[in-house]
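Participant: The chain contents come next:
Number of protein chains: 2
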Amino acid sequence: MRPGASFGTADLLHGLRTSPGIRCSLQFEVFLVKESKMALMLLSRQLTCSLQQNSRLFACGHRLISQTAAKIDVDFDYDGPLMKTEVPGPRSRELMKQLNGIQNAEAVHFFCNYQESRGNYLVDVDGNRMLDLYSQISSIPIGYSHPSLMKLLQQPQNLSTFVNRPALGILPPENFAEKLKESLLSVAPKGLQQVMTMSCGSCSNENAFKAIFMWYRNKERGNNNVTKEELETCMINQYPGCPDYSILSFMGGFHGRTMGCLATTHSKAIHKLDIPSFDWPIAPFPRLKYPLEEFVKENQQEEARCLEEVEDLIVKYRKKKRIVAGIIIEPIQSEGGDNHASDKFFRKLRDITRKHGCAFLVDEVQTGGGCTGKFWAHEHWGLDDPADVVTFSKKMMTGGFFHKEEFRPNGPYRIFNTWLGDPSKNLMLAEVINVIKREDLLNNATHAGKALLAGLLDLQARYPHLISRVRGRGTFCSFDTPDDTTRNKLIAIARNKGVVLGGCGDRSIRFRPTLIFKDHHAHLFLNIFSDILADFK
Amino acid sequence: MRPGASFGTADLLHGLRTSPGIRCSLQFEVFLVKESKMALMLLSRQLTCSLQQNSRLFACGHRLISQTAAKIDVDFDYDGPLMKTEVPGPRSRELMKQLNGIQNAEAVHFFCNYQESRGNYLVDVDGNRMLDLYSQISSIPIGYSHPSLMKLLQQPQNLSTFVNRPALGILPPENFAEKLKESLLSVAPKGLQQVMTMSCGSCSNENAFKAIFMWYRNKERGNNNVTKEELETCMINQYPGCPDYSILSFMGGFHGRTMGCLATTHSKAIHKLDIPSFDWPIAPFPRLKYPLEEFVKENQQEEARCLEEVEDLIVKYRKKKRIVAGIIIEPIQSEGGDNHASDKFFRKLRDITRKHGCAFLVDEVQTGGGCTGKFWAHEHWGLDDPADVVTFSKKMMTGGFFHKEEFRPNGPYRIFNTWLGDPSKNLMLAEVINVIKREDLLNNATHAGKALLAGLLDLQARYPHLISRVRGRGTFCSFDTPDDTTRNKLIAIARNKGVVLGGCGDRSIRFRPTLIFKDHHAHLFLNIFSDILADFK
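As you go down the protein sequences, you meet chains A and B in turn.
All letters in the first sequence, in the order written, are residues 1 to 537 by the UniProt record's numbering.
All letters in the second sequence, in the order written, are residues 1 to 537 by the UniProt record's numbering.
No lab work stands behind these hints: they were computed from the structure.
Heads up, some of the hints might be wrong.
Identical copies look the same in the list; a pair holds intra-copy or inter-copy alike.
With a cut-off of at most 27 angstroms between alpha-carbon atoms, the simulated DSS-like pairs for lysine-lysine come out as follows [what the hints assert, rightly or not]:
{"id": "1", "residue 1": "K437", "residue 2": "K228"}
{"id": "2", "residue 1": "K268", "residue 2": "K219"}
{"id": "3", "residue 1": "K97", "residue 2": "K190"}
{"id": "4", "residue 1": "K316", "residue 2": "K268"}
{"id": "5", "residue 1": "K321", "residue 2": "K297"}
{"id": "6", "residue 1": "K181", "residue 2": "K97"}
{"id": "7", "residue 1": "K316", "residue 2": "K489"}
{"id": "8", "residue 1": "K228", "residue 2": "K268"}
{"id": "9", "residue 1": "K297", "residue 2": "K268"}
{"id": "10", "residue 1": "K228", "residue 2": "K344"}
{"id": "11", "residue 1": "K450", "residue 2": "K289"}
{"id": "12", "residue 1": "K348", "residue 2": "K181"}
{"id": "13", "residue 1": "K321", "residue 2": "K489"}
{"id": "14", "residue 1": "K228", "residue 2": "K489"}
{"id": "15", "residue 1": "K97", "residue 2": "K404"}
{"id": "16", "residue 1": "K228", "residue 2": "K321"}
Chain A with its partners taken away, still in its complex shape (with noise of 0.2 angstroms):
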């Protein structure tokens, strides 16, 4: 059922009845059967909401108009939006102080009702549902309580997997490789063919960091064997078993926060302040101008400036004695502020490491997984040599990285360390990824995106002092907002009319929709969106 069909008390529990695996919808039909009266009364009551909220939704005049869904559809979905109280809501507000007692919860949005949140949708604990275009800092594949995922826990055969959690690494399961084939080695960037699982995604840079370190002092030691005042000195932190190198990143980059990855993070002081740090190059990332067509000459000069950067950085860090082993770059510049440069400079860079010698490293924490269009964004720059190492987390439910043969640790406990990842999580990640090919998701992204950002454009035309630099590759949207203030407030605003949208950079938000996100949800919250910028003050 679409937002602004007309629909009943039938429907909806026809609706419940044929949600696949959702036993809280299940439930939840007992309890209208045994208590009915009072069950329809509380239901009658949302249904108006509902209808109250889209019926005003659908009303004023000049709008973006929903379009028919497509064949294939998400059936555990929401029809859309129902809010009930302001977010957070009182219950949320309790809890809130009850967790702060406990720990730091001043970041804390609401709480939320996972078991009721399906799809697009993400249900709070006072009871609103709201379209989630945020979900969980990008980190939910295909929707909440898939039910694909649902029958995969039922399956007696699987639990074992969620209770013995194993030490991968010396002890794994019978079918772990098979489940690494189905499920990460059956979407691996082109040329890379190993892959290590790690439990986050600042493990993964880190132990991709600790990858491409060993490569290069291998490849610096030639064939000698390593010398006993290495083994010595490495044991008490000193030179030459730690060499001072280096990985260069980018300003406004952001790859983790545990003290390696911190190094190469620039993205906001808060990640950063009070922490030691190391002395490694950072370079300018582009800061390109919108729109790109009107910049064309300023834009390339800009990225040019930014790779001429890069090399005199590698040649003043080697003349220091910190050579730059690794170049570690995100496709889309996300927690920064989704800052994007063009294919050609990423080829160009591509370039530029190996001609330094340097480690290509692409962090696809943030962007893989398929939202860009492409199982991993930096597929579409159209490189000749495939990069060397490329980490992951979030969507893909493990953390990891692929990387070419050569830079496989020589020996075994080099890259290494209790879990190595989570077995259960590999095995989610393969029906993820059956669910992805099954469903055509990445076509789904491209075309999903281009709704939204025609829709997102055409707000920016009509309202161009509230919204700027509109930019985006699938439904990896973003824009600029006219301040902090302003994009905060926009955000809160949005939470109450019953969308989720998150922040980044200093004044953008960004769009981080789940791969189930569809045409008909763009509309449903540009229409939503376009009230609020036609009511902004």
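Place chain B on chain A using the hints.
Facilitator: Leaving out everything else, chain B in the frame of chain A:
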């Protein structure tokens, strides 16, 4: 049923039928009914092997006698090891080759059948069943396929927790604080009522370091606000935004493998070689002589020497502007060789940290969770003033750290990442802690540990050329062998006799059984190991 008791097919079938929550057994039973002849033939062969194994164990003269089992027993446990092939067997070797095509698989011991693994027994893909005294590098709290955890997974209301992984720092589930209270806070070290969850041990230590650096900087700052210069310089990894603070660690310590942790890890060269590091102070850890009662004075002097060195390093590093903000230590250095120090040593170290204004960070990643007979190993010390920060992971199923109120970050997003742990792990931990309390597993660890230690001391008396420095607390026991070749050979032989052991340091064997390891498991192991030592050439 105890090892050595007589038993038949009917008993085994009954045992399988009554195992609660183990689907694989039921499947096996169906298989038996369907293919009864073939199955009974196979079964009978297995039983014969098992009986041979057991009768051999209990045949020879001078040996420890298996005791009667305690009342509280592990009814889902197997009766003893059952070996069919050498380990790794043919199927494991085939899978190793397969995995080695994807990643360096040289560290793999063998491949496991986790569905068939239960209690203290790990079953491999060749059908070998081994008593597991290593428990996935000390990370399985209450044995394999524990019925309580299997049930938890089968409850429909829990499915969502496994399928919908939230960004805990911004959108926690309704029961987040409640689960933390039920689990982690119900066993919090005295005086530490604040807790953060993380995904693994390394992330726990990394974030504990960060909390310590922030705390120290705030102390230095007094009531002054953060300066513009700090905000700007931290973005480019420079002072004063990134101060030159350090964490003092001990030679032989292991605190993880990401770059911050790795700067405090000094157990083996292979962990550190080729990775850039920080110039942070490293103090000697006491090298105690055994038996302790014979070397009281020498050991006191050794501990005094180490403590003196700690103070000297604090002063020296302050002078060279690398202020020691905190000291990290394991209650028992695990990876480094199971090195113990006296409770008094740790109390004095705590005094030193207070005197010099450094934070005292106790790394309980391997020692925590009950195996020493107290929930946290440092609770044995009898500290007047609690530790400032205590990190955990492994048997706690989630990583994280407890800390005093004053180490709470003074703003949102300072200690933060996308996942901040995983509520599905908190859910399982809450159940694990229920089981620990219900089944009095801390007392069990003390009791079973005594049986194990007494047996090891007996073996040391009989085989002093093979076993020395027997030591332990609870089941967290270990001994030294003459050299790493002997150690590795003993581990390999034990494995082929049905016992999984782990090494640590350069020549030690460590015991890391689960918390449901009972006296009779200790005796079973001691019997097998006694034979191995008698035959050892």
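Participant: Treating 27 angstroms as the Cα threshold, decide for K97 and K190: within, between, both or neither.
Facilitator: Cα proximity of K97 and K190: across copies only (23 angstroms, versus 49 angstroms in one copy).
Participant: How do K268 and K219 come out at 27 angstroms by Cα distance, when the copy is not named: within, between, both, or neither?
Facilitator: Result: close only across copies, 23 angstroms inter versus 35 angstroms intra.
Participant: Tell me, please, which holds for K321 and K297 at an alpha-carbon limit of 27 angstroms: within, between, both or neither?
Facilitator: neither (36 angstroms within a copy, 48 angstroms between copies)
Participant: When no copy is specified for K97 and K404, does a C-alpha distance of 27 angstroms or less occur within a copy, between copies, both, or neither?
Facilitator: between (49 angstroms within a copy, 19 angstroms between copies)
Participant: One pair to classify: K228 and K489, alpha carbons no more than 27 angstroms apart. Within, between, both, or neither?
Facilitator: between (61 angstroms within a copy, 26 angstroms between copies)
Participant: When no copy is named, should K450 and K289 be tagged within, between, both, or neither for a Cα gap of at most 27 angstroms?
Facilitator: Within one copy only: 20 angstroms inside, 72 angstroms across.
Participant: Have a look at K228 and K268 and pick one of within, between, both or neither, based on CA distance no larger than 27 angstroms.
Facilitator: Classified as between: cross-chain Cα gap 13 angstroms, same-chain 42 angstroms, threshold 27 angstroms.
Participant: When no copy is named, should K228 and K321 be tagged within, between, both, or neither for a Cα gap of at most 27 angstroms?
Facilitator: within (22 angstroms within a copy, 30 angstroms between copies)
Participant: Cα distance capped at 27 angstroms. Does K316 pair with K489 within a copy, between copies, both, or neither?
Facilitator: The answer is neither: 44 angstroms in one copy and 51 angstroms across copies each exceed 27 angstroms.
Participant: Please work out whether the CA atoms of K297 and K268 approach to 27 angstroms or closer within one copy, between two copies, in both situations, or in neither?
Facilitator: neither (30 angstroms within a copy, 54 angstroms between copies)
Participant: Please sort K228 with K344 into within, between, both or neither, judging by C-alpha distance up to 27 angstroms.
Facilitator: Neither: 45 angstroms inside a copy, 36 angstroms across copies.
Participant: First find the shortest C-alpha distance between K437 and K228 inside one copy, then the shortest across copies, and answer within, between, both or neither for a cut-off of 27 angstroms.
Facilitator: neither (52 angstroms within a copy, 50 angstroms between copies)
Hints 1, 5, 7, 9, 10, 12 and 13 from the list above are not met by this structure, while the remaining hints are.
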